[in-house]
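Chemist: Chain by chain, the residues:
2 protein chains.
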Amino acid sequence: MKICVVGLGLLGGSFSLGLRALNGDYHVIGVDKDEEHARQALDLGIADELAGFEEGVSQCDVVVLATPVDELVKQARASLDIIREDAVVFDLGSTKSQICAAVADHPRRGRFLAAHPIAGTEDSGPRAAFAELLPGKMIILCDHDLTDNSALESVVDLLQKLEMRVEHMPSAAHDMHIAYVSHLSHISSFALGATVLEKEKNENNIFIMAGSGFDSTVRLAKSSPDMWTPIFEQNRENISEAIGKYIEQLQAFKQMLDSDNGKAMHRFMKETNDIRRVLKGD
Amino acid sequence: MKICVVGLGLLGGSFSLGLRALNGDYHVIGVDKDEEHARQALDLGIADELAGFEEGVSQCDVVVLATPVDELVKQARASLDIIREDAVVFDLGSTKSQICAAVADHPRRGRFLAAHPIAGTEDSGPRAAFAELLPGKMIILCDHDLTDNSALESVVDLLQKLEMRVEHMPSAAHDMHIAYVSHLSHISSFALGATVLEKEKNENNIFIMAGSGFDSTVRLAKSSPDMWTPIFEQNRENISEAIGKYIEQLQAFKQMLDSDNGKAMHRFMKETNDIRRVLKGD
Numbered sequence: 027m028k029i030c031v032v033g034l035g036l037l038g039g040s041f042s043l044g045l046r047a048l049n050g051d052y053h054v055i056g057v058d059k060d061e062e063h064a065r066q067a068l069d070l071g072i073a074d075e076l077a078g079f080e081e082g083v084s085q086c087d088v089v090v091l092a093t094p095v096d097e098l099v100k101q102a103r104a105s106l107d108i109i110r111e112d113a114v115v116f117d118l119g120s121t122k123s124q125i126c127a128a129v130a131d132h133p134r135r136g137r138f139l140a141a142h143p144i145a146g147t148e149d150s151g152p153r154a155a156f157a158e159l160l161p162g163k164m165i166i167l168c169d170h171d172l173t174d175n176s177a178l179e180s181v182v183d184l185l186q187k188l189e190m191r192v193e194h195m196p197s198a199a200h201d202m203h204i205a206y207v208s209h210l211s212h213i214s215s216f217a218l219g220a221t222v223l224e225k226e227k228n229e230n231n232i233f234i235m236a237g238s239g240f241d242s243t244v245r246l247a248k249s250s251p252d253m254w255t256p257i258f259e260q261n262r263e264n265i266s267e268a269i270g271k272y273i274e275q276l277q278a279f280k281q282m283l284d285s286d287n288g289k290a291m292h293r294f295m296k297e298t299n300d301i302r303r304v305l306k307g308d
Numbered sequence: 027m028k029i030c031v032v033g034l035g036l037l038g039g040s041f042s043l044g045l046r047a048l049n050g051d052y053h054v055i056g057v058d059k060d061e062e063h064a065r066q067a068l069d070l071g072i073a074d075e076l077a078g079f080e081e082g083v084s085q086c087d088v089v090v091l092a093t094p095v096d097e098l099v100k101q102a103r104a105s106l107d108i109i110r111e112d113a114v115v116f117d118l119g120s121t122k123s124q125i126c127a128a129v130a131d132h133p134r135r136g137r138f139l140a141a142h143p144i145a146g147t148e149d150s151g152p153r154a155a156f157a158e159l160l161p162g163k164m165i166i167l168c169d170h171d172l173t174d175n176s177a178l179e180s181v182v183d184l185l186q187k188l189e190m191r192v193e194h195m196p197s198a199a200h201d202m203h204i205a206y207v208s209h210l211s212h213i214s215s216f217a218l219g220a221t222v223l224e225k226e227k228n229e230n231n232i233f234i235m236a237g238s239g240f241d242s243t244v245r246l247a248k249s250s251p252d253m254w255t256p257i258f259e260q261n262r263e264n265i266s267e268a269i270g271k272y273i274e275q276l277q278a279f280k281q282m283l284d285s286d287n288g289k290a291m292h293r294f295m296k297e298t299n300d301i302r303r304v305l306k307g308d
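Just so you know, the protein sequences line up as chains A and B, in that order.
Sequence positions in the first sequence follow my numbering and run 27 to 308.
Sequence positions in the second sequence follow my numbering and run 27 to 308.
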C-alpha cells in the first residue's frame, strides 16, 4: 500500500513511524514544503522517499494530511482534485468544521474523511515524532456519513492496525467540545506562562521555585504558534466562549478569596476534584 | 537521631521514607491526629512508632512539621514550647510569612527554621508518600538569619543527606514569588476543571476528547482542598494579585481572538514560548 503523508512533523511523522513499526507492506511517500524537515524525515525513517505535493498525492492509495489547519483546508480540496479514483484522503487536524465545509461541494467528497487524533506533545517537527504517539489513543471521525463506505473502511482499518480507538462525532459538536477540552488548556497555559514571565523578570526565581505543578500547567505554553494560531482562528467562536467561561470561574474564585470565604473556596475545590473520577472514566 | 514527623501525609511521609532509605541511625516517631492515617503510616514503614503530639515532639532531636499551613502556625509555637533545649523544629509548608510571624516573639525562635520543599503531587495522605519525592528537589529556607547556627546546620545537614538543593529567601519574597509560580498554577487548574465540568455535563465527551494536554493542565485540580484552602487564605493578597494579572492576560488574548488578530496571537505565543528556555535554566 502506498501512503502519502503531507506534513512530516509530530503527527504526520508519528503516524508514519507507527505504521512502519508494524512491518506491513507500507510504502510511505513524504511531502513537506520545509526542505530541512523533509530531509530530517527521510533520515529518521519517517518516509521511504520524498516527493512534491502533486507527485506524491496523485500516486497513493491513502493520503494523510498533517499540516497546520489553515493549510489543511486548501490541501484537502487540492488532494481530492488529483487523487486516484479509489484513493482516500484524511486529515489529522484539531478543528473539523472548516475543513468539512471546504470539501462539502467537492464532487469527490465521498473520498475524504475528517479525523482528529487525541494525541500530541508540546514539541513539533520530524524530530518530535515517535512510533508510540498514536497507538492506544482515541481518534475522532467527523461527519463520516458523508464519506463513502469503502473509503471509511480503508481508513478505519489502518487506524485499527495502529490500535487507535475510533469514535464518531459531528464536526460542529467536535469543535465545540474540543474548544473546552483541548484548545482552552492551551490558552490557560499560554496565559499562565505570560503572567509569570511578566512578573518574574528576574528569571532566577522561576527556575528556583518552579516545581512539577508549574511545569505541568505551563507545558503547553511551549507549543508551536505556527500550528496553534490557525486552530484558534478556525475555532474562534467556540474558543472565545470557553475563555469567557474560564474568566468567569477565575473571577468567582478571586471573589471568594478577596472576601476571605474559605468555606466557598473549599467547596469549589471539592466539587472540582470530581475531575479525577471523570478522567478515569469511573 | 530521634526525629518526630508531625503530619504523615505526602510530604511528611516522603521526608521520612527518604531519610529511612539512607539506612542511617534515624528513629522516626510519627504524629497524626487522623488515626487511620497514623496506622497506615506505621504499616508503610513511614514511622517506627506512633505518639501523641506532646509526647512525640518533646523527646526528639528534630521535629518536622508537615500538616496543612493553618495547623503549622499553631504547631510551630506549640513545638517550641516543649522541645528539648538543643532540638530544632522546621516546617514544610507552602506559605512562610504567617508561620514566621507566629514564632517571631517566641523566646526560642532560634530553634525554628521555616522551609518549603519545591516538591509534591496532586495526591495526599500516607499512601501518596514515596522515598524519591524529595531527593534532587529544591528546598527554600526563609529568614534563616533568625535561626541559631547550630539549629540551621543540623537541618541543612539532614537536607543535604536527602540530596536536596538548598536556597535562601526572605519569607515575604518567598510568598510573593510562590503565588505566581505555584499557587496560581493550582487556581488555573481548578478553574479549568470547573469550566469543563460545568460545560460538559455529559461527561462522556470529556473522557473521549481529553488528551495529555488537558490531563496535564487539569492535574492540580485533583489536589486536596483541606491542604489548599489554608494556603490560599494565608497568601491571599499575593494570590489575588496573581489571579488579577492572569485574568488580564486571558482578557488580552480573548480580545486578539475576537478581533481575529492572528498576528497578535502568534506574537503572544512566540514570546511566551520563552518559558521553555527559562525552565531549562538556559
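By construction, these hints were calculated from the structure, which means they are not laboratory data.
Among the hints, a few may not be true.
Said to hold, decoys possible - Calculated cross-link-like contacts (lysine-lysine; reagent style DSS-like; alpha-carbon spacing at most 27 Å):
1. B/Lys227 <-> A/Lys225
2. A/Lys225 <-> B/Lys296
3. A/Lys271 <-> B/Lys59
4. B/Lys100 <-> A/Lys271
5. A/Lys289 <-> B/Lys296
6. A/Lys271 <-> B/Lys296
7. B/Lys225 <-> A/Lys271
8. A/Lys227 <-> B/Lys100
9. B/Lys271 <-> A/Lys227
10. B/Lys28 <-> A/Lys227
11. A/Lys296 <-> B/Lys59
12. A/Lys225 <-> B/Lys163
13. B/Lys289 <-> A/Lys59
14. A/Lys296 <-> B/Lys296
15. A/Lys306 <-> B/Lys289
16. A/Lys227 <-> B/Lys225
17. A/Lys271 <-> B/Lys187
18. B/Lys280 <-> A/Lys280
19. B/Lys296 <-> A/Lys59
20. B/Lys100 <-> A/Lys225
21. B/Lys163 <-> A/Lys163
Chemist: It remains to establish, for every hint, whether it holds in the given structure.
Modeler: Hint by hint, here is what the structure shows:
1. B/Lys227 <-> A/Lys225: Violated, at roughly 36 Å.
2. A/Lys225 <-> B/Lys296: The given pair, whose Cα atoms are some 18 Å apart, holds under the 27 Å limit.
3. A/Lys271 <-> B/Lys59: Given pair A/Lys271, B/Lys59 is violated - Cα atoms ~40 Å apart, limit 27 Å.
4. B/Lys100 <-> A/Lys271: violated (39 Å)
5. A/Lys289 <-> B/Lys296: It is violated: about 40 Å lies between the C-alpha atoms, which goes past 27 Å.
6. A/Lys271 <-> B/Lys296: holds (25 Å)
7. B/Lys225 <-> A/Lys271: With a Cα-Cα distance of about 9 Å, the restraint between B/Lys225 and A/Lys271 holds, given a limit of 27 Å.
8. A/Lys227 <-> B/Lys100: At roughly 35 Å apart (the allowed maximum being 27 Å), B/Lys100 and A/Lys227 break the hint.
9. B/Lys271 <-> A/Lys227: holds (15 Å)
10. B/Lys28 <-> A/Lys227: violated (43 Å)
11. A/Lys296 <-> B/Lys59: holds (22 Å)
12. A/Lys225 <-> B/Lys163: Holds, at about 23 Å.
13. B/Lys289 <-> A/Lys59: holds (22 Å)
14. A/Lys296 <-> B/Lys296: Answer violated: A/Lys296 to B/Lys296 is near 36 Å, above 27 Å.
15. A/Lys306 <-> B/Lys289: Violated: A/Lys306 and B/Lys289 sit about 38 Å apart, past 27 Å.
16. A/Lys227 <-> B/Lys225: Distance of about 36 Å is beyond 27 Å: violated.
17. A/Lys271 <-> B/Lys187: Status violated; Cα separation ~48 Å.
18. B/Lys280 <-> A/Lys280: Satisfied, since the Cα-Cα distance of roughly 19 Å is no more than 27 Å.
19. B/Lys296 <-> A/Lys59: holds (22 Å)
20. B/Lys100 <-> A/Lys225: violated (32 Å)
21. B/Lys163 <-> A/Lys163: violated (32 Å)
The structure shown violates the earlier hints numbered 1, 3, 4, 5, 8, 10, 14, 15, 16, 17, 20 and 21.
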